[in-house]
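Residue strings, one per chain:
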Amino acid sequence: MNWISSQYARHWRNINLVLACILSLMLIFGPKVINNYVSQGILSSLYYPFFKLKRGYELLKMDAVDITDFRQALMESSVRLSIYEERIRENDRLRSALGFDPPASYKLFPTKIVSVSGTIIPSRVVVNRGASDSIAVDYSVINQQGLVGRVESVGPDFSAIQLLTDPGNRVAARVASSREMGIVKYSPTDGMTLGHFPRNGKIVVGDTIITSGLGGVYPPGLVVGIVSDVIRFEKEPFCNVSLEPIVNFRSLEELFILMQERLQ
Amino acid sequence: MRLIPYLIYLLIIALHQVLLKDITTIAGVSIQVTALMVVLVAMYKPEGVVLWFGFFAGMVMVAGYQDLLGWYALLTMGLGLIAFQVCEKLNLESIKSRVLVVLGGVLLHSLIVQLIESTDGYFMNCITEAIPGALYTTVVAWLFFLVKDGHLTFRRIKSLF
Chain L
1 MNWISSQYAR HWRNINLVLA CILSLMLIFG PKVINNYVSQ GILSSLYYPF FKLKRGYELL
61 KMDAVDITDF RQALMESSVR LSIYEERIRE NDRLRSALGF DPPASYKLFP TKIVSVSGTI
121 IPSRVVVNRG ASDSIAVDYS VINQQGLVGR VESVGPDFSA IQLLTDPGNR VAARVASSRE
181 MGIVKYSPTD GMTLGHFPRN GKIVVGDTII TSGLGGVYPP GLVVGIVSDV IRFEKEPFCN
241 VSLEPIVNFR SLEELFILMQ ERLQ
Chain D
1 MRLIPYLIYL LIIALHQVLL KDITTIAGVS IQVTALMVVL VAMYKPEGVV LWFGFFAGMV
61 MVAGYQDLLG WYALLTMGLG LIAFQVCEKL NLESIKSRVL VVLGGVLLHS LIVQLIESTD
121 GYFMNCITEA IPGALYTTVV AWLFFLVKDG HLTFRRIKSL F
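So the protein lines, in turn, are chains L and D.
Take 1 as the starting number for the first sequence in this note's numbering and just add one per residue.
Take 1 as the starting number for the second sequence in this note's numbering and just add one per residue.
FYI, nobody ran anything at the bench for these hints, they're computed from the structure.
All clues stand as given, with none of them false.
Label pairs and their computed distance ranges (CB to CB):
| no. | chain 1 | residue 1 | chain 2 | residue 2 | range |
| --- | --- | --- | --- | --- | --- |
| 1 | L | LYS61 | D | LEU11 | 22 to 30 angstroms |
| 2 | L | ARG250 | D | ILE116 | 54 to 62 angstroms |
| 3 | D | LEU20 | L | ILE83 | 49 to 57 angstroms |
| 4 | D | LEU11 | L | GLU85 | 57 to 65 angstroms |
| 5 | L | ILE83 | D | ALA27 | 49 to 57 angstroms |
Listed below are the simulated BS3-like cross-link pairs for lysine-lysine, each with C-alpha atoms no more than 30 angstroms apart in a straight line:
| no. | chain 1 | residue 1 | chain 2 | residue 2 |
| --- | --- | --- | --- | --- |
| 6 | D | LYS96 | D | LYS158 |
| 7 | D | LYS96 | D | LYS148 |
| 8 | D | LYS21 | L | LYS32 |
| 9 | D | LYS21 | L | LYS52 |
| 10 | D | LYS89 | D | LYS45 |
| 11 | D | LYS148 | D | LYS89 |
| 12 | D | LYS148 | D | LYS45 |
| 13 | D | LYS148 | D | LYS21 |
| 14 | L | LYS54 | D | LYS21 |
| 15 | L | LYS107 | L | LYS185 |
| 16 | D | LYS148 | D | LYS158 |
| 17 | L | LYS61 | D | LYS21 |
Using N, Cα and C, we set each Cβ at its ideal position, and we do this for glycine too.
Model the full structure from these sequences, guided by the hints.
Here it is, written out as structure tokens:
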């Protein structure tokens with residue numbers, strides 16, 4: 001032991017040099033896995049805090065740009081809003097002058113789905129809000145995508161929602177661009193279709209179908225679907241219009257019940 | 001041997017590589033912090049420390065390039081040992097001699113780095129990157145020595161204005 005320590009004391013310089021050279025040569029010519037471990041070790045210990053710092057700084061810079069954009073968008077929106085508010089007031093004045101009912105406004109009431117029923121596709125759901133929350137039959141139900149259905153029956157703390165995929169549900173609708181009207185219905189074999197649409201009506205694939213507001217159940221302007229196919233038969237008065245529902249009925253989660261309020 | 005100061009030196013190299021390099025680069029010419037640190041350690045520390053610090057500093061410098069780890073460890077270790085031997089034979093009392101050691105060490109390091117990275121357009125790279133980089137690093141080292149020796153103080157800078 002003494003011999004080893006005395007040898008090291010005499011030759012420590014050479015031993016250190018040889019050891020460092022062997023390690024370097026091992027990194028140059030040795031298996032790549034060693035380099036990988038060494039590199040990962042250095043990056044995840046010495047470099048890591050600075051990478052985090054740099055990333056944080058870049059995110060802050062991006063946020064600053066976003067905030068400027070948002071501020072500008074907010075300003076534009078507030079200007080636009082004030083114009084719309086003025087138009088609403090003007091509309092109210094004109095309606096009262098003409099003796100019309102005041103327009104309806106709606107507030108959204110969030111609900112959660114408790115249960116789903118339906119064989120091929122969900123056609124009915126039960127939500128966790130009911131008569132105790134002032135919900136009534138025939139209120140429209142939407143989600144962030146578009147129209148989902150209507151309130152079919154109401155219990156004290158729950159409501160049954162009839163979805164657009166229920167074959168018994170009918171929606172008075174119109175083409176958003178041409179304003180021509182039809183009735184949206186769903187059947188398990190044909191999918192969603194726009195019925196009673198005249199053969200010569202202006203409709204093309206890609207048109208958006210919205211509720212017309214006729215019938216008194218659904219308010220006007222809610223998106224129902226997109227036209228996916230139009231077939232016109234020579235001797236038929238109506239054409240066959242297939243729709244792609246705007247709502248994905250297989251992934252429903254949160255729903256909103258549209259509660260109608262009358263403006264005074 | 002206390003390890004914490006050397007760990008801090010290695011952290012400074014990593015900090016420079018990640019954050020400061022982009023800020024301090026002027027017209028594509030950057031400070032050779034690794035070479036500077038190794039030469040500075042060679043001036044003030046014993047040989048064994050210089051050898052191992054050079055070894056680890058080289059690895060930290062190119063941690064992102066796995067194929068170059070060994071080459072850079074060897075290079076900076078060699079640079080440290082050469083700088084140490086030169087410093088042993090010189091009187092380092094004057095700032096001028098220390099600045100010359102830094103210039104020589106960083107220039108040698110930069111020339112070999114250029115050779116490792118690419119042999120295409122070697123002389124052009126030496127003229128446009130290695131030599132200006134060495135000069136830039138030497139200026140930084142000169143300022144460091146001025147501060148270290150107390151020739152450049154905050155009070156003196158303040159008195160200029």
